Amino acid sequence: MLDIEIDGKALQVVEGSTIIDAAHQLGTYIPHFCYHKKLSIAANCRMCLVQVEKAPKPMPACATPVTNGMKVQTHSEQAVKAQKGVMEFLLINHPLDCPICDQGGECLLQDLAVGYGASASRYQEEKRVVMNKNLGPLVATDMTRCINCTRCVRFTQEIAGLMELGQAYRGEHAEIMSFIGQTVDSELSGNIIDLCPVGALTSKPFRFSARTWELARRKSVSPHDGLGSPLIVQTKHDKVMRVLPLENEEINECWLSDKDRFSYEALNSPERLTRPMLKHGGQWIEVEWQQALDYVAHAFKDIAKNHGAAALGALLSPHATLEELHLGQKLMRGLGSGNVDFRLRQSDFSQDGQGTPWLGMKIAEIGSLDRVLVVGSFLRKDHPLIAQRLRQAVKRGAQVSLVHSADDDQLLKAHAKAIVLPSQLPQLLAQVVKCAAELKGVSVDAAITALAVSEKAKAIAESLLSGTRAAIFLGNFAQQHEQAATLQALAQLLAKITGANFGFLGEAANSVGGYVANALPGADGLNAGQMLAEPRHGYLILNAEVELDSARPLQALAALKQAATVVLLSPFKLPGALDYADVLLPVSPFSETSGSFINTEGRVQSFNAVVRPLGETRPAWKVLRVLGNLLNLPGFDQDSSEQVRAEVLGAATPTPEFVTDRLANPLSDVANNVANNVAIKLDAGPNGLERVADVAIYSADVLVRRAPSLQKTRDAASPAARMNAVTLQQCGVSAGQELRVRQGEGQAQLFAVLDAGLPDGAVRIAAAHPKVAGLAAMHGAITVEAL
Amino acid sequence: MLSDDAFKKIDREIAKYPADQKQSAVMAALAIAQDENGYLAQETIAAVADYLGMAPMAAFEVASFYNMYDLAPLGRYKLTVCTNLPCALSGGVDAAEYLKQKLGIAFNETTPDGLFTLKQGECLGACGDAPVLLMNNKRMCSFMTTEAIDQLLTELRADLRGQAT
Ligand code: SF4
Ligand code: FES
Ligand code: FES
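Heads up: the protein sequence lines correspond to chains C and G, in order.
Numbering follows the working numbering, in which position 371 of the first sequence is assigned residue number 371; successive positions increment by one, without gaps.
To convert, take the position in the second sequence, counting from 1, and add 1000; that gives the working numbering.
Be aware that one or more of the hints could be misleading.
Residues from chain G shown here face chain C by an in silico Cβ test under 7 Å; the list is partial [to be verified]: (1) G1053; (2) A1055; (3) S1064; (4) Y1098.
Honestly, the hints are just simulated from the structure, not real lab data.
Bear in mind the structure is a predicted one, so any value in this text is a computation, not a measurement.
For glycine and all other residues, C-beta sits at the position ideal for the given N, C-alpha and C.
Taking the hints into account, I'd like the entire structure generated from these sequences.
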């Protein structure tokens, strides 16, 4: 520890601290622009100059390490003179256009200029002007305002993992830009808006729509990925205007993925459903709530009476709240049907009934891992901020290995990578198990010992065994895999052998919550796959576009089309549902209801509505409760979402922060599964092709699919048929050519794209997009022919 | 974009640094690329960056920082006149003015015949020889009085004629 005195106050700081760290410890503010606690030190703005005893000149507090006995004055005459001098320089080339600047009112430069700037400028010469850049649909630029602090540059380089921005040219001509003409395509790009201390980088969707002081700030939680980023939702006149991160070191740190930040645009979409609607003689008519709910109650009662309750099924969304999921399953069970599920993209359900898949550790602990294996994950796009944590871990020396079916650049230096066809993933993982077992002298199943081990598998096993804090994670792709249970069994076995933590990267905001709410088929019930494979008479759908969100879109659509009654609870007029549904009930998106999400680490996060429901929209938990009343079901008299939550989580503690007691990664019958399944290969198409399907980041759920600015990004590009050069040649097609892709009964017309990161025989086609809803399944054999 | 020969030269530069720090060779690699193509096109910079395993923007930062890298096609002879303070005090600005008038172009322009491009440069570390200029990034010309400039231009033009015949 070092002794230091700041403005006469003594304190002790750890070795290696800078003066600004020490000042923050004391709560003393030192003006600064380029310094940011999560970024490297650049020390280029010089705003943080302070007086240090015995130093001949002022020192930058952000870059000066504390030495023992140091005495610092942050507001002495010398310090303030230096700070004012710096401010004068910063303002020389600044356009001083606050009245027309979106940053006005939340601008660090504006704030500090009040304290350190002169009231008039002495500078009479010409100011420099910097051309604006087109960084894409999310970030607007006014580059003349830039003070060249390079925070944005350091963010893209250090946090986002690819230096998409840089400072080109020199001296007075220096300017921040992307590589000529390119947009910033990072899935974390919105953070540079927060980081920019001036109005040079602002939000394009929010631009010129409100002043910061007109906005109300309300806390919420992101409804997208399994991280559950805490949000500050800013509203004006009951309209969501902007979303910013609510800092939480244990979840999102100070960042937000673009999906979490910009998906709010969908809340104000013209596609919103604002009144209940009934299909009457093939025509949609708007009706009162009472009429719609009566209709639903009658329809469900009729089906239960005439065909048995098992003819009903509920397909809930993993993005729905805990309360909605609970009441949804309660309603179905009340009607006598155990057909409830929320895991729409899952295809292997053989591990059901054994536990709640979760991360297996705290999110915050990811950063301290030293060996990681991620199995089957489009990591960056599926879990942008978990990928970010792993990126930082790699910089600290951790080894991250990847086993997957597509070699997308995760922008982290992977230690070892094994990219194989989906059908070969179990084998590959088994090889790693074999190798690890040999190294540890553990015996494993004969089916595993019989395998030949590849170099890559060996490297992965060795890496896992060489550390002290290892973890193995199954990504979305592994969980959606046709042999998900086998992958899980192998990963668990590997974790046991290597002493690693084992966990799932939760796909959606309530991937854990759905289990806790028991939105799952009972012993007699059908799961999501079965409900669609064995069509029901009546479906209750909550917040999902089943024909896009299901593992088998074609089958899903057929099942819904043949059903006598399909009731959709959704904030949007979903185009597919207009065709197959009979009742549309407008229910609140996350911003218009109270509720809870349980994130992938088992953290319960409850939130309130931030705006009033739009039009006739009602919170889904209320709608489900009233439906329960109309059906005369017992236990539907909750007055608040808190009461519903208490019913699920127990009333004793209002909000247990973690539901740790309910979490247990399902233990699989390792030996049996492995012996039976490792050798199994999926049927390959006539030309041996297999589909690899990712769920593109901006088509993952109902909300984000309707966010216009995100839909303009490169990540939202329409799906293509991606193949490596060998596969292209094997199919006799070339990149850029239009193809007919057939899978099962269905087909789609797509352009061929060369993707060197795919294994031979893989055709990668993103799922969850209307253009590919004609394809049978997210997995399995597929054929390709030139048009 | 770049010949095998150029890549071979770049490999030699890369070999001077530890294997995981290939990007240390960026300045040399850009110079090699420029020698081959006459200037650094965007694609050339991207190719060099790719070869060195660095972000294209990082290579562009380097290419745009130093004024011996040229980001656009130039005339056959690039004349960079030092206009920093010591030179400016000893006739640097006059030399530049004379050149402008003689060639009929301003800084950053190229003569219509495509022969000469005039640039303004930073201190060349030869202030004592002021005024100084640099020809095609490689040849240093000292004591550039008006006579010396005339002589240089004649020489370069003659050179060209010699080459043509
Ligand atoms: S654009 Fe903003 S964050 Fe980037 S260097 Fe300029 S002032 Fe800093
Ligand atoms: S904050 Fe210290 S120099 Fe910018
Ligand atoms: S100032 Fe011109 S060479 Fe130094």
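Check each numbered hint from earlier against the structure, then list the numbers of those it violates in ascending order. 1 and 4
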